[in-house]
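2 protein chains.
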Amino acid sequence: MTKITNNYVLAADIGGTNTRMAVVNENGDIHTLLKKSTYCKEGRDEMISFIVSFAGETIEKSELPIEEICGMGIGFPGPLNAETGTIFNPPNLQGWDSVPLRDILEKELKMPVAIENDANAAALGEWWKGAGSGTGTLFCITLGTGVGGGIILDGKVWHGASSIAGEIGHTTVIRDGIQCTCGNIGCLEAYACSGGILKRVNNALLDEGGNGGLEPLANLKQVDQMIMQGNEIVLNVIRETGVILGIAIANIANLINPEMIVLFGGVTNLGAHLVEPLKEEVKRRAFKKATESLRIELSQLGDNSGTLGAAKNILSKLQN
Amino acid sequence: MTKITNNYVLAADIGGTNTRMAVVNENGDIHTLLKKSTYCKEGRDEMISFIVSFAGETIEKSELPIEEICGMGIGFPGPLNAETGTIFNPPNLQGWDSVPLRDILEKELKMPVAIENDANAAALGEWWKGAGSGTGTLFCITLGTGVGGGIILDGKVWHGASSIAGEIGHTTVIRDGIQCTCGNIGCLEAYACSGGILKRVNNALLDEGGNGGLEPLANLKQVDQMIMQGNEIVLNVIRETGVILGIAIANIANLINPEMIVLFGGVTNLGAHLVEPLKEEVKRRAFKKATESLRIELSQLGDNSGTLGAAKNILSKLQN
Numbered sequence: 002m003t004k005i006t007n008n009y010v011l012a013a014d015i016g017g018t019n020t021r022m023a024v025v026n027e028n029g030d031i032h033t034l035l036k037k038s039t040y041c042k043e044g045r046d047e048m049i050s051f052i053v054s055f056a057g058e059t060i061e062k063s064e065l066p067i068e069e070i071c072g073m074g075i076g077f078p079g080p081l082n083a084e085t086g087t088i089f090n091p092p093n094l095q096g097w098d099s100v101p102l103r104d105i106l107e108k109e110l111k112m113p114v115a116i117e118n119d120a121n122a123a124a125l126g127e128w129w130k131g132a133g134s135g136t137g138t139l140f141c142i143t144l145g146t147g148v149g150g151g152i153i154l155d156g157k158v159w160h161g162a163s164s165i166a167g168e169i170g171h172t173t174v175i176r177d178g179i180q181c182t183c184g185n186i187g188c189l190e191a192y193a194c195s196g197g198i199l200k201r202v203n204n205a206l207l208d209e210g211g212n213g214g215l216e217p218l219a220n221l222k223q224v225d226q227m228i229m230q231g232n233e234i235v236l237n238v239i240r241e242t243g244v245i246l247g248i249a250i251a252n253i254a255n256l257i258n259p260e261m262i263v264l265f266g267g268v269t270n271l272g273a274h275l276v277e278p279l280k281e282e283v284k285r286r287a288f289k290k291a292t293e294s295l296r297i298e299l300s301q302l303g304d305n306s307g308t309l310g311a312a313k314n315i316l317s318k319l320q321n
Numbered sequence: 002m003t004k005i006t007n008n009y010v011l012a013a014d015i016g017g018t019n020t021r022m023a024v025v026n027e028n029g030d031i032h033t034l035l036k037k038s039t040y041c042k043e044g045r046d047e048m049i050s051f052i053v054s055f056a057g058e059t060i061e062k063s064e065l066p067i068e069e070i071c072g073m074g075i076g077f078p079g080p081l082n083a084e085t086g087t088i089f090n091p092p093n094l095q096g097w098d099s100v101p102l103r104d105i106l107e108k109e110l111k112m113p114v115a116i117e118n119d120a121n122a123a124a125l126g127e128w129w130k131g132a133g134s135g136t137g138t139l140f141c142i143t144l145g146t147g148v149g150g151g152i153i154l155d156g157k158v159w160h161g162a163s164s165i166a167g168e169i170g171h172t173t174v175i176r177d178g179i180q181c182t183c184g185n186i187g188c189l190e191a192y193a194c195s196g197g198i199l200k201r202v203n204n205a206l207l208d209e210g211g212n213g214g215l216e217p218l219a220n221l222k223q224v225d226q227m228i229m230q231g232n233e234i235v236l237n238v239i240r241e242t243g244v245i246l247g248i249a250i251a252n253i254a255n256l257i258n259p260e261m262i263v264l265f266g267g268v269t270n271l272g273a274h275l276v277e278p279l280k281e282e283v284k285r286r287a288f289k290k291a292t293e294s295l296r297i298e299l300s301q302l303g304d305n306s307g308t309l310g311a312a313k314n315i316l317s318k319l320q321n
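Top line first, the protein sequences correspond to chains A and B.
Counted the way our numbering counts, the first sequence spans residues 2 to 321.
Counted the way our numbering counts, the second sequence spans residues 2 to 321.
These are calculated hints, taken from the structure and not from any lab test.
Take these hints with a grain of salt, some might be off.
Any copy will do: because identical chains look the same in the list, a pair fits if it lies in one copy or spans two.
Heads up, simulated BS3-like pairs for lysine-lysine below, C-alpha to C-alpha not over 27 Å straight-line [stated by the list, open to error]: (1) Lys290 - Lys318; (2) Lys36 - Lys290; (3) Lys318 - Lys284; (4) Lys157 - Lys318; (5) Lys318 - Lys36; (6) Lys157 - Lys290; (7) Lys222 - Lys108; (8) Lys108 - Lys280; (9) Lys284 - Lys42.
Build the full structure now, drawing on both the sequences and the hints.
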């Protein structure tokens with residue numbers, strides 16, 4: 002039975018490139034959804050102004066009376082303290098060290114605000130209304146420009162002692178592996194983020210003279226096309242990426258033992274070429290008892306995961 | 002202020018070799034402690050009889066009236082369902098598949114019984130009365146005949162979806178690494194359990210002709226003696242073991258982000274030769290924000306960790 006409700010919240014999934022802003026009700030139905038390029042080049046204050054004015058615009062577009070909007074949930078790119086809503090030092094944004102974004106926005110918007118890291122928001126969204134609906138415990142892995150993760154334990158985001166928990170992208174999968182942007186070597190992200198995959202595909206093609214003197218591939222769509230054309234060199238790199246992801250996921254299965262792994266982000270468009278070797282490697286490496294109860298699924302909400310997770314986050318806080 | 006209490010529980014740490022049985026009060030004070038070789042060679046029924054009669058003997062020895070013993074907590078070696086107290090299939094014990102040990106013992110002993118996996122019991126003990134006292138979240142790693150782990154999140158054991166959580170010994174640290182008894186390759190346990198270390202030390206000595214034609218080393222005490230004598234070949238294997246442990250712990254730091262790692266078990270007697278390279282590797286690989294808030298400590302309770310954890314487990318259940 003769907004509960005009829007008039008309680009709406011604003012929900013924003015703020016990315017370094019695009020921002021999605023929605024009005025969502027208690028049931029997770031999206032009433033209004035807008036999308037804009039994130040205005041962040043001029044620095045922190047302009048970006049905050051952008052969020053505030055985009056919020057106003059979205060409320061206006063929804064044609065709902067402002068008093069029906071009970072609060073705002075935000076998924077924000079980078080490390081933050083979800084309890085206080087303070088942003089630490091996002092690698093892709095300048096001037097954001099120790100910014101009390103929640104307090105600033107609560108003052109500007111005159112409503113309760115809750116902020117969550119974007120990977121955690123996506124995990125919460127998939128748990129609430131996506132692939133993980135009905136599970137208690139899931140690990141959501143974001144495979145895109147970077148590799149991130151969010152952990153839901155018994156229905157709640159697990160943040161850890163210093164808000165770092167879930168950083169599967171920076172677990173070591175190959176001890177003496179390739180350099181990662183974080184400074185470490187052999188991190189999952191270095192192999193499985195979109196840039197890492199492209200680099201490894203282009204290197205493989207170069208090594209084996211397999212791209213017939215063409216320009217290096219510039220995006221994952223081109224990688225997918227090469228696979229469609231039956232290019233074994235490219236296919237092997239993608240299979241290998243699946244195996245490497247499988248090692249990291251097997252470690253999660255044995256360490257955290259979740260009910261579900263949700264794979265999310267642009268890299269998952271590589272489909273079965275990536276996911277089948279991944280699943281095989283998890284089965285090969287993790288305990289049978291951990292894999293028997295583990296479902297590995299693709300995101301069901303796609304671009305809406307973070308927005309719905311941000312909505313659920315503020316809804317939970319309002320209900321407590 | 003220490004609360005004076007008359008509420009006692011029986012607490013047993015049952016190992017494949019030895020069993021410790023204690024009477025413990027609500028404050029974690031050990032009133033009576035006995036130790037015996039575990040009688041398990043004749044199979045399951047005899048082992049259950051052994052537990053029951055050892056429990057009776059311990060109560061008698063305590064000279065407490067039976068009505069002051071409110072329940073019994075057990076740390077048991079191997080996989081089990083802590084909620085139902087059912088033992089799965091312990092690798093080192095025969096005939097134990099799907100045995101409802103809690104129900105059997107409650108009937109025999111006529112008191113409430115709570116059973117926990119031995120690694121989880123050790124973690125709970127260290128959290129309650131040991132190195133982790135005062136922390137909310139810790140990961141306890143047992144380094145002995147095997148490598149196990151127990152996770153305490155916000156003061157409670159995290160079991161996962163199928164009671165597998167914490168199995169750090171069977172996370173992959175070296176992708177194409179050495180064979181592990183679990184069937185997988187490159188598991189932490191294959192490198193860092195006592196047998197794995199011995200094998201690697203003996204292989205290194207053999208490869209480099211460094212043991213001067215002596216018999217292979219038979220235990221970690223001899224390894225320690227070789228280090229004391231300044232044997233660089235042995236020392237390098239121990240340092241390398243520390244580095245490998247450091248990789249696995251860095252992964253925990255980034256994934257689970259606990260406040261504390263507690264190292265426990267006979268292998269930790271190798272001391273700083275093992276622990277210093279371990280700490281360095283964790284710092285090198287994990288996020289600064291995760292390591293700044295992370296303490297890596299040796300067990301404070303030693304052989305009593307599991308017994309006190311078993312006591313805490315039944316005490317918590319009785320208090321709920």
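A quick look at each hint next to the structure:
no.: 1; hint: Lys290 - Lys318; verdict: between (35 Å within a copy, 26 Å between copies)
no.: 2; hint: Lys36 - Lys290; verdict: neither (43 Å within a copy, 32 Å between copies)
no.: 3; hint: Lys318 - Lys284; verdict: neither (38 Å within a copy, 35 Å between copies)
no.: 4; hint: Lys157 - Lys318; verdict: both (12 Å within a copy, 23 Å between copies)
no.: 5; hint: Lys318 - Lys36; verdict: within (25 Å within a copy, 50 Å between copies)
no.: 6; hint: Lys157 - Lys290; verdict: both (24 Å within a copy, 22 Å between copies)
no.: 7; hint: Lys222 - Lys108; verdict: neither (43 Å within a copy, 64 Å between copies)
no.: 8; hint: Lys108 - Lys280; verdict: neither (47 Å within a copy, 44 Å between copies)
no.: 9; hint: Lys284 - Lys42; verdict: neither (45 Å within a copy, 33 Å between copies)
Checked against the numbered hints given earlier, this structure breaks hints 2, 3, 7, 8 and 9; the rest are met.
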